[in-house]
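Q: Next come the chains, spelled out residue by residue.
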Amino acid sequence: MEAIKKEHELIVAVSPHVKSEETVSRIMWSVNLSLLPAVVMGAYFFGIKAVLVVSLCIVTAVLSEYIFERALKRTVTINDGSAFLTGLLLGMNLPASLWSFSPFTIHVPIIGSFVAVIITKQLFGGLGYNVFNPALIGRAFLLISFPRLMTIWTEPSAAFLSFDAKTTATPLGIMKEEGVGKLMEVFGDKMNLYTQLLVGHRAGSIGEVSALALLIGASFLLFRRYITWHIPFSFLGTAALLAWIFGGKDPATGKLILFSGDPVVHLLSGGLLLGAFFMATDYVTCPTLKKGQIIFGIGCGTLTMLIRLAGGYPEGVMFAILIMNCFAPIIDRGFRTKVFGAVKAKESKK
Amino acid sequence: MSSPGTISLKDQFLNGIIKENTIFKLALSLCPSIAVTNNLKNGIFMGAAVLFVQVMVNSTISIIRKVIHPKVRLPIFMLVISGWVTVTQFMMAAYVPDVYSKVGLYIALIVAFASILARAEMFASKNTLLPSMADGLGMGIGFMFALTVISFFRELVGKATLTIPTGLATSYVVTLMDTKPLLIMILPAGGFLAVGILMAFFNWIDLRYKKGGHASH
Numbered sequence: 001m002e003a004i005k006k007e008h009e010l011i012v013a014v015s016p017h018v019k020s021e022e023t024v025s026r027i028m029w030s031v032n033l034s035l036l037p038a039v040v041m042g043a044y045f046f047g048i049k050a051v052l053v054v055s056l057c058i059v060t061a062v063l064s065e066y067i068f069e070r071a072l073k074r075t076v077t078i079n080d081g082s083a084f085l086t087g088l089l090l091g092m093n094l095p096a097s098l099w100s101f102s103p104f105t106i107h108v109p110i111i112g113s114f115v116a117v118i119i120t121k122q123l124f125g126g127l128g129y130n131v132f133n134p135a136l137i138g139r140a141f142l143l144i145s146f147p148r149l150m151t152i153w154t155e156p157s158a159a160f161l162s163f164d165a166k167t168t169a170t171p172l173g174i175m176k177e178e179g180v181g182k183l184m185e186v187f188g189d190k191m192n193l194y195t196q197l198l199v200g201h202r203a204g205s206i207g208e209v210s211a212l213a214l215l216i217g218a219s220f221l222l223f224r225r226y227i228t229w230h231i232p233f234s235f236l237g238t239a240a241l242l243a244w245i246f247g248g249k250d251p252a253t254g255k256l257i258l259f260s261g262d263p264v265v266h267l268l269s270g271g272l273l274l275g276a277f278f279m280a281t282d283y284v285t286c287p288t289l290k291k292g293q294i295i296f297g298i299g300c301g302t303l304t305m306l307i308r309l310a311g312g313y314p315e316g317v318m319f320a321i322l323i324m325n326c327f328a329p330i331i332d333r334g335f336r337t338k339v340f341g342a343v344k345a346k347e348s349k350k
Numbered sequence: 351m352s353s354p355g356t357i358s359l360k361d362q363f364l365n366g367i368i369k370e371n372t373i374f375k376l377a378l379s380l381c382p383s384i385a386v387t388n389n390l391k392n393g394i395f396m397g398a399a400v401l402f403v404q405v406m407v408n409s410t411i412s413i414i415r416k417v418i419h420p421k422v423r424l425p426i427f428m429l430v431i432s433g434w435v436t437v438t439q440f441m442m443a444a445y446v447p448d449v450y451s452k453v454g455l456y457i458a459l460i461v462a463f464a465s466i467l468a469r470a471e472m473f474a475s476k477n478t479l480l481p482s483m484a485d486g487l488g489m490g491i492g493f494m495f496a497l498t499v500i501s502f503f504r505e506l507v508g509k510a511t512l513t514i515p516t517g518l519a520t521s522y523v524v525t526l527m528d529t530k531p532l533l534i535m536i537l538p539a540g541g542f543l544a545v546g547i548l549m550a551f552f553n554w555i556d557l558r559y560k561k562g563g564h565a566s567h
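Those protein sequence lines, which keep their order, are chains A and B.
In case it helps, the numbering used here puts the first sequence at residues 1 to 350.
In case it helps, the numbering used here puts the second sequence at residues 351 to 567.
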């Protein structure tokens, strides 16, 4: 009955007119679900503080979307899961150390969620009209506003309910400051380093630490075809290639040795996997055409490695994706298909 | 009250403040509105400098408009503008050296402001002294108002302080809280954010005002 009733409803929508069971809210909630393993791993490593930071972000994001839409008398769209996803992604990109009362830093996630939902998304017209990825703008805003608070990384602690944690540097931070040699010293041997990075036993943002959990979520999205391989694989491939070519340094002199870098460390550390699979692939802010998506991914990968290897910040995924977001419309225009019949005779022969 | 066929002086004056506000409505001269507005005092003095130059340029052009040959009018306008800007520059260097050390570069840039040349070309070169002065005053006050609002907002959010000028050389700094404010707002990126948000805000007010006006008629 429901299906028949729907058949007869007049649906006015922009093309392409594909009939499918997939709706925005279904996809959004699936992405939320696919992020669950990474959040669980983050909670496992960083304890209750991680859960509290992520929940705070989600609650603020959903609440600010609700209040804003009510205030402007728009349709309230909190059920489609996009505000939830923004809050979740933002929370996953923050350090767990933000849940602390002395010094008071609870307002930091709240401000981030507010900026992400209101300024980045709602002021531009709501879901589908935002130029930038909301969660990443929220994080960029916080990183620039609170550079010190946003980079207090804690060691993964064993006790779940413990609020105390030792601060330490992220693998990328160690690599930036002291080189790969120091990283090996901290983690023991290479095999141990890879395993720890894969499982996620390292300092970092809540959701980015466990590469394995992120890969599980990503493969779910790829399997359900909510995302295609184009952006993540060109992103990761470019980053790995550049890490291999330019990532190696002579430990004694610090001089660059070409083709000696370690792409695996670069791929597994920082927010690269989280960014490549879950944030660069945001439907609204990436190019729609496949060729354009590959260019987009290559651009993201290049910028990420440029910032990581030659920039001031240890991690560049966030800025890389945000910069490429600006170019998404231009990339799309460049790969626009020619209108049938509008091609000149000369050009059609090529 | 106004003379028939022309806009009254009052309307000409208000035009620059509300309807054609340089920053919030025309989106011109955004360079200083982002560069110097991380401090309330700097914003106010920069706005005052522009106000002075705008009024003086409009008056001068309006007085000499009949002797300017149309073919060379733009170079003449530029000469007049740069002359008044140099006067402002020297005056600020002499009387408010601390502000001048921060915004000096942008004072010199007033020469290139689209809004000033635009008013000289579009208004002052076609009108008599009094309307031109009213126009310059309105435009300048509109600009000063915008810069004041932006710098108030940015300093308040970005530094949690307010530098209120109490005289030419003295100012009183109000510190509102000791916690860490949003550093981004006093950085250039925050300038763009502040201008964008305030522009949206004023347009929203304008829209509501217009809607209300139509409803009552």
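Think of the hints as simulated: they come from the structure by calculation, not from any bench.
Since we're looking at a predicted model, the values are computed, not measured.
It is possible that some hints are incorrect.
Stated by the list, open to error - The calculated label-pair distances, taken between Cβ atoms and stated as ranges, are:
no., chain 1, residue 1, chain 2, residue 2, range
1, B, ALA468, A, LEU258, 34 to 42 Å
2, B, ILE547, A, ARG225, 32 to 40 Å
3, B, THR478, A, LEU306, 58 to 66 Å
4, A, LEU33, B, ILE547, 29 to 37 Å
5, B, VAL523, A, ARG74, 38 to 46 Å
6, A, ILE78, B, ARG558, 19 to 27 Å
7, A, ASP250, B, TYR522, 35 to 43 Å
8, A, LEU258, B, VAL523, 50 to 58 Å
All C-beta atoms in this analysis are idealised placements derived from N, C-alpha and C, irrespective of residue type, glycine included.
Q: Does each hint fit the structure? Answer for all of them.
A: Evaluated hints:
1. Distance hint for B/ALA468 and A/LEU258: a CB-CB separation of about 55 Å, inconsistent with the stated range 34 to 42 Å.
2. For B/ILE547 paired with A/ARG225, a C-beta distance near 39 Å keeps the hint of 32 to 40 Å intact.
3. Taking 58 to 66 Å as the suggested C-beta distance range, the pair B/THR478 and A/LEU306 conforms, at roughly 59 Å.
4. As the Cβ distance of A/LEU33 to B/ILE547 is approximately 35 Å, the hint placing it in 29 to 37 Å holds.
5. Evaluation of the 38 to 46 Å hint for B/VAL523 and A/ARG74 yields a pass: the beta carbon distance comes to about 41 Å.
6. In this structure the hint that A/ILE78 and B/ARG558 lie 19 to 27 Å apart at CB holds, the actual value being about 26 Å.
7. Between A/ASP250 and B/TYR522 the beta carbon distance is about 57 Å. The supplied range of 35 to 43 Å is therefore violated.
8. For the hinted restraint 50 to 58 Å between A/LEU258 and B/VAL523, the CB-CB distance of approximately 54 Å keeps it satisfied.
Violated hints, in rising order: 1, 7; the structure is consistent with all others.
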